[in-house]
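Number of protein chains: 4
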Amino acid sequence: MSHPRTVAVIVGSLRKDSVTRKVAKALEALTPGLQFTEIEIGDLQHFNQDLEAAPTAEWTAFRNRIKAFDAVLFVTPEYNRSVPGVLKNAIDVGSRPYGASVWNGKPGAVISVSPGGIGGFGANHHLRQSLVFLNVPILTNEAYIGGAFSLFGENGELINEGTAEFLRAFGQAFSDWIDTILAGKAA
Amino acid sequence: MSHPRTVAVIVGSLRKDSVTRKVAKALEALTPGLQFTEIEIGDLQHFNQDLEAAPTAEWTAFRNRIKAFDAVLFVTPEYNRSVPGVLKNAIDVGSRPYGASVWNGKPGAVISVSPGGIGGFGANHHLRQSLVFLNVPILTNEAYIGGAFSLFGENGELINEGTAEFLRAFGQAFSDWIDTILAGKAA
Amino acid sequence: MSHPRTVAVIVGSLRKDSVTRKVAKALEALTPGLQFTEIEIGDLQHFNQDLEAAPTAEWTAFRNRIKAFDAVLFVTPEYNRSVPGVLKNAIDVGSRPYGASVWNGKPGAVISVSPGGIGGFGANHHLRQSLVFLNVPILTNEAYIGGAFSLFGENGELINEGTAEFLRAFGQAFSDWIDTILAGKAA
Amino acid sequence: MSHPRTVAVIVGSLRKDSVTRKVAKALEALTPGLQFTEIEIGDLQHFNQDLEAAPTAEWTAFRNRIKAFDAVLFVTPEYNRSVPGVLKNAIDVGSRPYGASVWNGKPGAVISVSPGGIGGFGANHHLRQSLVFLNVPILTNEAYIGGAFSLFGENGELINEGTAEFLRAFGQAFSDWIDTILAGKAA
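The listed protein sequences correspond, in order, to chains P, C, U and A.
Numbering (our numbering) for the first sequence: 5 to 191.
Numbering (our numbering) for the second sequence: 5 to 191.
Numbering (our numbering) for the third sequence: 5 to 191.
Numbering (our numbering) for the fourth sequence: 5 to 191.
Keep in mind that the hints were calculated from the coordinates and are not lab data.
The model shown is predicted, which means the values in this text are computed figures rather than measured ones.
Accuracy of the hints is not assured; some may be wrong.
No copy is singled out in the list; a pair is fine if it fits within one copy or between any two copies.
Stated by the list, open to error - When the alpha-carbon atoms are kept at most 20 Å apart in a straight line, the in silico SDA-like pairs for lysine to any residue are as follows:
| id | residue 1 | residue 2 |
| --- | --- | --- |
| 1 | Lys189 | Thr144 |
| 2 | Lys189 | Ala177 |
| 3 | Lys20 | Tyr102 |
| 4 | Lys20 | Pro59 |
| 5 | Lys20 | Gln53 |
| 6 | Lys20 | Asp54 |
Given only the sequences and the hints, what does the whole structure look like? Please build it.
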């Protein structure tokens, strides 16, 4: 097997100082065995089937980028008890045209993040439902990062040791999961 | 009470000849007691909290338009077992800024549409979960319009009598629901 | 209208000292305008369609009891991210035989309770999905009672003032909701 | 690896002539590489935490039986847009006491069955949400068996060739999935 495994990271918030992105960065720092790359989704035009014959340059670039990775990680806030529209749109764009989904078969993981206690449970499981359809085998480990604003210092560094331990274990489990799924595909 | 009640219609597909829009149009024709107006969502930029202090003209126009209606109707296809990103984005835009959601308290209804048999069940219930949070009392009547491509003629007219009866009853139930909820708010 | 409205309370835990039941009791104490009665569900045999022609005495008694109430309240723990089997069974028993569901049209509300932070979000929304099908118009107000073990004193009395305020407002909203829905049915 | 893999089959309907059970039997006949055993769930008392210190004989027998299998298959009807209470109860019983869940880590698969078109979508995904929490890696392949009453002959034999092909492929995918997950655990 080639190592390190490469992981496309999709962050569901466009906000520059997004706490969701900080969680993604913290996971990256705590998981040296995986190589993470955040993929921009804010420039993707809304999916419209009328444009499928002549896809936009942004759609094509996004699809081509995702294809090259071993795995995908979704780190998302919750908007109105579900996935942000912008993140769902990226999933929709990547899933088309029919038969050419870039998500197909890639091992994945989901982390949801919120300022409150519930930790984005609604977004987390809505995302999982879509990923079942897209044939993305998702790590079962649940990650609901609540109270997120209190976890980081002034420079965006993770200052909560419990969360650090949690993310370290999550990253290790994800790494093992990628190995398991890719070994199964190769068999 | 003022009549007819006005209903903002949000169609989850941007496709020009969308079968989802045909369902919305058929419901409108079969429900003379309500006044439906489709509200464009394809021009709404992705929600980004960094832009809240200076919202785009499209966001502001959308929010102002929705506010004026008595009720909201969502007619949606299913993309990847959930709500299309573009529709979820419209919901997100309308829900912000915090405390000023345009959806708050408006009676609503949901119709999901698909070419296959399942009729968009996944999109329908994901949408309902968001609408609970947004304090939109939703008509309980379930509407899963499956096999949708076979329901319309060459000019987009509904040719399936069973579906026509179903939509007529749905429109009547929605009209009664709007009256019930608005009467309760006035009490 | 006849007052006070009567509410059948279904508690999803069979445990004698259940914290979920304490939440139900606290709501009752804080909502003098409604008359709550807990309905036992632990004696209901598992639903089995083969027994429909000769329903058990417990099934029949349960169905007859529920029918007499104006409204229904579900107060539930979360088991494995969903509704406890015993509670779902009570819903199933009450929904049968086909065409004679005792839930049909009754206004309802849902409260989920958990020791942890997430407050039973998964159970809450799974229950709502069933109640849509059963034509139970559900109060939109969300009630996720987390950290539940710390909310009560030695004698089961509610000692958290924030929760008391929350439940008082919830009970008032439920009371208004019952009036709204029943007025709509009578119109 | 030891072969054939053994699979515990949980059928969500207690009905003797359940069409759900016929689907399970058809899958078994079409998947010679796996050894299926249906495990009775109708005799399990409702879960009650007060009984945990002295579990019933049925609970203990059920837990011990499940433990011995390599994998688990859930074949379920949909009751009121969710999992039947009796099936959810079996999951709850198997998950306890805390830390000793018999489901933990076993590869699994879900099939939902209904007479109508929607194929039990609601039950299927509610079940998946519970199985995420229970750390059961679930085959992504979706199986919504709709129109189920028309698929079987007088002696319960599968007479629909399309369904047979579908189930054959599903069984093969499940077999591969079990190998993948168990190989990953062994690594």
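A quick look at each hint next to the structure:
1. Both within a single protomer and between protomers do Lys189 and Thr144 lie at most 20 Å apart by alpha-carbon distance, with minima of 19 Å and 14 Å respectively.
2. Proximity of Lys189 and Ala177 under a CA criterion of 20 Å is satisfied in both settings, with 18 Å inside one chain copy and 11 Å between copies.
3. For a Cα distance limit of 20 Å, the shortest separation of Lys20 from Tyr102 across copies, 19 Å, qualifies, whereas the shortest one inside one copy, 33 Å, does not.
4. Taking CA atoms no more than 20 Å apart as the test, Lys20 paired with Pro59 passes between copies only; the shortest distance there is 16 Å, against 27 Å inside one copy.
5. For the homomeric pair Lys20 and Gln53, the shortest alpha-carbon distance between copies (9 Å) is at most 20 Å, but the shortest distance inside one copy (30 Å) is not.
6. In this assembly of identical chains, the alpha carbons of Lys20 and Asp54 lie at most 20 Å apart only when taken from different copies (7 Å versus 32 Å within one copy).
The structure fails none of the hints (numbered hints given earlier).
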